[in-house]
Amino acid sequence: GKFKVWQASQGAVPYLAALQVMAENVRKMETDNLSHKLKGLDERERAAVDKLTRHIVDQIFRPIYYSMKEDEAMEAKKDKIWALKSMFKLDPVYKRGILTEGSKPKAQLNP
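Read in order, the letters of the sequence shown correspond to residues 2 to 112 in this note's numbering.
Because the hints were derived from the structure by calculation, they are not lab data. Heads up, some of the hints might be wrong.
Said to hold, decoys possible - Derived EDC-like pairs (lysine to aspartate or glutamate); straight-line CA-CA distance at most 16 Å:
| # | residue 1 | residue 2 |
| --- | --- | --- |
| 1 | Lys40 | Asp51 |
| 2 | Lys52 | Glu25 |
| 3 | Lys90 | Asp80 |
| 4 | Lys38 | Asp51 |
| 5 | Lys70 | Asp80 |
| 6 | Lys29 | Asp59 |
Stated by the list, open to error - For each label pair, taking beta carbons as the anchor points, the in silico distance ranges come out as:
| # | residue 1 | residue 2 | range |
| --- | --- | --- | --- |
| 7 | Tyr95 | His56 | 21 to 29 Å |
| 8 | Ala48 | Trp83 | 34 to 42 Å |
| 9 | Phe4 | Met30 | 35 to 43 Å |
| 10 | Asp59 | Tyr95 | 15 to 23 Å |
Nothing here was measured: the structure is a model prediction, and the numbers come from that model. Beta carbons are placed, not taken as given, at the ideal position from N, Cα and C, and that holds for glycine.
Construct the entire structure; sequences and hints are all you get.
Set out below in structure tokens:
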């Protein structure tokens, strides 16, 4: 019943975490690539740009997070998780790092 659907949705957490890591890496890389254009900004303005880019990323991924919380059949939930994993080519990120079958952690959420 509902517990099994909730339990299946917990399988999405490592992939959502991996997606967050990926998005943050892209955000930082693109911000760094444009840093020469941001030279004239003071610390307060740089903080505002950082906050804005973080907010944009959060807003883009919000529908994905809400979708994973929907009350739906377990098979539909598993399909969403598989699609998320496949589309973004994600390795799951657990609180202690990325774990793939037979390997040791190789990355942290907050290095």
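Against the structure shown, which of the earlier numbered hints fail to hold, in ascending order?
Nothing - there is no hint that the structure violates, so all of them hold.
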